[in-house]
Amino acid sequence: MKRLLPVLAGMALLLSACGGREDLSTLKPQGPVAQGQFDLMVLSISIMALVVVVVFAICLYVLIKFRRRKGDNSIPKQVEGNHKLEIIWTVVPIVLLLILGVPTIDKVFGNAKDYSHDKDALQVIVTSHQYWWEFEYPEYGITTAQDLIVPTGKKIQFKLASADVKHSFWIPSIGGKIDTNTGVDNKLYLEFPKEGVYRGKCAELCGPSHSLMDFKAKAVDQASFDRWVAAMKDPAVLPEDAAIKEAFESKCLSCHAVGEQNSGAGAPNLTGVGGRETIGGILYNDENSPEENLKQWIENPQDVKPGATMPSAEDLDLSPEELDGIAKYLANYKLDY
Amino acid sequence: MTAHAHAHPVKRYRGLMDWLTTVDHKKIGILYLLAGALFFLIGGLEAILIRIQLLKPQLAVVGADTFNELITMHGTTMIFLAAMPMLFAMMNAVIPLQIGARDVAFPFLNALGFWTFFFGGLLLNISWFAGSVPDAGWTSYVPLASPTYNSGHGVDYYVLGLQIAGIGTLLGGINFMATIINMRAPGLSFMRLPMFTWAIFITSALIVFAFPVLTVGLVALMFDRLFQANFFETANGGSTVLWEHVFWVFGHPEVYILILPAFGIISEVVSTFSRKRLFGYSSMVFATILIAFLGFMVWAHHMFTTGLGPVANGLFSIATMLIAIPTGVKIFNWLFTLWGGSIRFTTAALFGIGFIPTFTMGGVTGVMLAVAPADYQYHDTYFVVAHFHYVIVGGLINGIFAGLFYWWPKMFGRTLNETLGKWFFWTFYIGFHMTFFVQHFLGLIGMPRRVWTYLPNQGFDTMNFISTIGAFLMGIGTIMLIVNVIITSFKPKNATNDPWEDGRSLEWTIPSPPPEYNFKQIPLVRGYDAWWKEKMEGHKEMTPSEPVGPIHMPSPSFLPLIMSIGLFIAGFGFMYDKLFVAIGGIAVTLICMLLRSVFDDHGFHISEEEQEKGVHA
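Here the protein sequences come in this chain order: U and L.
Going letter by letter, the first sequence gives residues 1 to 337 in the working numbering.
Going letter by letter, the second sequence gives residues 338 to 954 in the working numbering.
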């Protein structure tokens, strides 16, 4: 086993060199869960590479050595089989599979640990919707959407279910995915040792905008996380302009929520939406300003995410001024943490 | 005209009518091949559109809705309507010849199987013209496929189309099982069967056990969709995970239904073109049986992330890994068949030998996927897409092409052009690896599968571009095959009985194409590789096991076609809620069944004189 280690290390290096973004690739794990899965990937790829090399080598040798030469009409010896060889290629794979099987079982149970009743773990309830993610923190009584904010250095215990069709919750660089079913909850724990923003994706076909159902996981230090929780609990900030406020309350808050207003609503919670990484999961706020992104989204969500259930500005009867005002208000609605 | 041994007259049709009424396994094989090829081209076109849409980030060549329709229909068409019928084509064309039989056990059922498959497939594809196409993936997971979230008729086409096509597959499975058990020539014991026949025998058993599960699942989904049943409606006590179980209890054996025949073809091709007996024949047989057996107890490896818990995930991980052992046995047996042989590189041999490394790659990624914790990362990503295309295209389709080139002279009396064939092989093979090798890495760096588009700056762009170029190469390769088939069809029918000269089994002892009764006299089999054995002992033909005499043949019949059309009409009736149409369609089928039961048809006999005329190939 010791002699295998350099091979494994070499394979690990080779794989991570294969690239991908640090915040997205399973080959550049950023947390212990993904790391454990990556280690198993490296082990299995190494064993399998060995098998492939042996098969390819024999195949090439045979093709070159035993090709029929011109004019050769001899009949090769008809061999029935060879017990020794056949035992070798039955037993060797069994040994290889044992080497792979033991750590597999170990990790299967390791990754299934449940921290639901661990006081040191943070509990998050994930609800998937066509095509957005809702994150509820039951210990704090707060709900947010699209940006999952978590403290570093804590186990995060997720309880996941879907509000409509099946989705699958996946943050590749932090850990493998789990489906969100209807009617039954799934459990998953993850850890985020390093601060940063990690890309999350939906991995189960869920309709036209399945490919656009991204979210972000933002890991911050504990103090910052506490500030975020406090800010989430602050009373909602509503538009200053009375007309915009009126429009926002009647046309947006019928589905959405901000702060304590209209909690338990069916659409994403908008508290601090201007400070999020993206609008709608895919319009990046560092590429365009949040205001532009919000305008583009509110104008016609269908253009950004086909099949999204939010009505367009036209359907909502939003005047251009109201649209501008609401976009501006939401873009400036940021939480300090 | 000579008098028939039986007094009653027999209608014999010509031209188109002959094809619509035939119960001859060789003609049914050709029908399967034609229909399978048609659906293969449709599925291929869908694949090309998918790859064009993914050529670059954020393209909108097709809309998001259309894209989901394309992936659903591509998967469903390729598995059920292209791969399976092309395998059935080869089963039909070859199995009775390999076992020294004059037809399958139930020729009428055989025709019925073809026509139900064909009309089921037609029904499914008519959805493109009806404007509501299945779009919930070939796995059709609920609730996405439930009436609540899929209100059009798309998934109805999926359910009814597959239900009708599935009848055909089930009938085929039963038929070939019965044929191989009962109709082997004297002396052809089980342990002397050619490997392809063994593979089809085991495949038929898999079909008989697996397809009823699909039928039950589809009936449940159909009841949910058409009659508001609640099998899968969680709000009313149903379970969505149930569908996943039912689908994969069928779906995993289905994978082996597809690959085992390819294993059989490869065994024949490798052995013939290396001029050597198959290495480790009996271990090959037992490996195949073991794969089929294990194939039924690994379905939940498609569901590691469903949330079944660690015990189930652990068990299914290990069970899945076990399959690697018999599969490894087969790979090494093929390699050692080639070892010490005298390998001739025909197109069939190229596909057959090309299969070995490609399938090995698909196999090893399969073992990787069996590692449940790592599968949490692979599941539903492009890694899985790469894996199953390596197994299905790199394995099964390579196998089918090997088989087509190998048995083409037997089926049509003409040998396909070898130069064009080799061009086709290299274009398709290189295109295939270009398309799918990079997809492993796309998955690993975070690209989920079934995505309509992807954002830039994620590192996906270059590999997707390469993949699309590869898909075009595969398309060009396929065109070369079509050109080859067309050119060949204008060549004279001059294939000899044993056109590769190294044939080993019974199909190479009779004319190409064979007369309608196949064997004038059923041969006596004296060992494994029956024909090779005779050749090596200096004999020019098989020893007959019976005297020359009149040959009993089944009559052609219109009923299979009409019965299938009845089901086809009933399908529409159910879908569009026109109960009288549905009942009418079912009635057509039932009346045909009644007619078939009430009127005895004893078939007819071909006399000795006619047999002399029969051999005009």
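Among the hints, a few may not be true.
Once the Cα atoms are required to be at most 27 Å apart in a straight line, the calculated DSSO-like pairs of lysine-lysine come out as [what the hints assert, rightly or not]:
{"id": "1", "chain 1": "L", "residue 1": "LYS393", "chain 2": "U", "residue 2": "LYS70"}
{"id": "2", "chain 1": "L", "residue 1": "LYS393", "chain 2": "U", "residue 2": "LYS28"}
{"id": "3", "chain 1": "L", "residue 1": "LYS872", "chain 2": "U", "residue 2": "LYS77"}
{"id": "4", "chain 1": "L", "residue 1": "LYS877", "chain 2": "U", "residue 2": "LYS216"}
{"id": "5", "chain 1": "U", "residue 1": "LYS70", "chain 2": "L", "residue 2": "LYS759"}
{"id": "6", "chain 1": "L", "residue 1": "LYS877", "chain 2": "U", "residue 2": "LYS70"}
{"id": "7", "chain 1": "U", "residue 1": "LYS77", "chain 2": "L", "residue 2": "LYS870"}
{"id": "8", "chain 1": "L", "residue 1": "LYS828", "chain 2": "U", "residue 2": "LYS77"}
{"id": "9", "chain 1": "U", "residue 1": "LYS70", "chain 2": "L", "residue 2": "LYS870"}
These aren't lab readings, by the way, just hints derived from the structure by calculation.
Going through the hints against the structure:
1. LYS393/L <-> LYS70/U: Judged against 27 Å, a Cα distance of about 49 Å means the pair is violated.
2. LYS393/L <-> LYS28/U: Satisfied, since the Cα-Cα distance of roughly 24 Å is no more than 27 Å.
3. LYS872/L <-> LYS77/U: Given pair LYS872/L, LYS77/U holds - Cα atoms ~15 Å apart, limit 27 Å.
4. LYS877/L <-> LYS216/U: violated, 74 Å
5. LYS70/U <-> LYS759/L: holds, 19 Å
6. LYS877/L <-> LYS70/U: Within the cut-off at roughly 25 Å; holds.
7. LYS77/U <-> LYS870/L: Holds. LYS77/U to LYS870/L sits at ~13 Å (cutoff 27 Å).
8. LYS828/L <-> LYS77/U: Not satisfied, since the Cα-Cα distance of roughly 37 Å exceeds 27 Å.
9. LYS70/U <-> LYS870/L: Roughly 25 Å separates the two Cα atoms, so the pair holds.
Going through the hint list in order, the structure does not satisfy hints 1, 4, 8.
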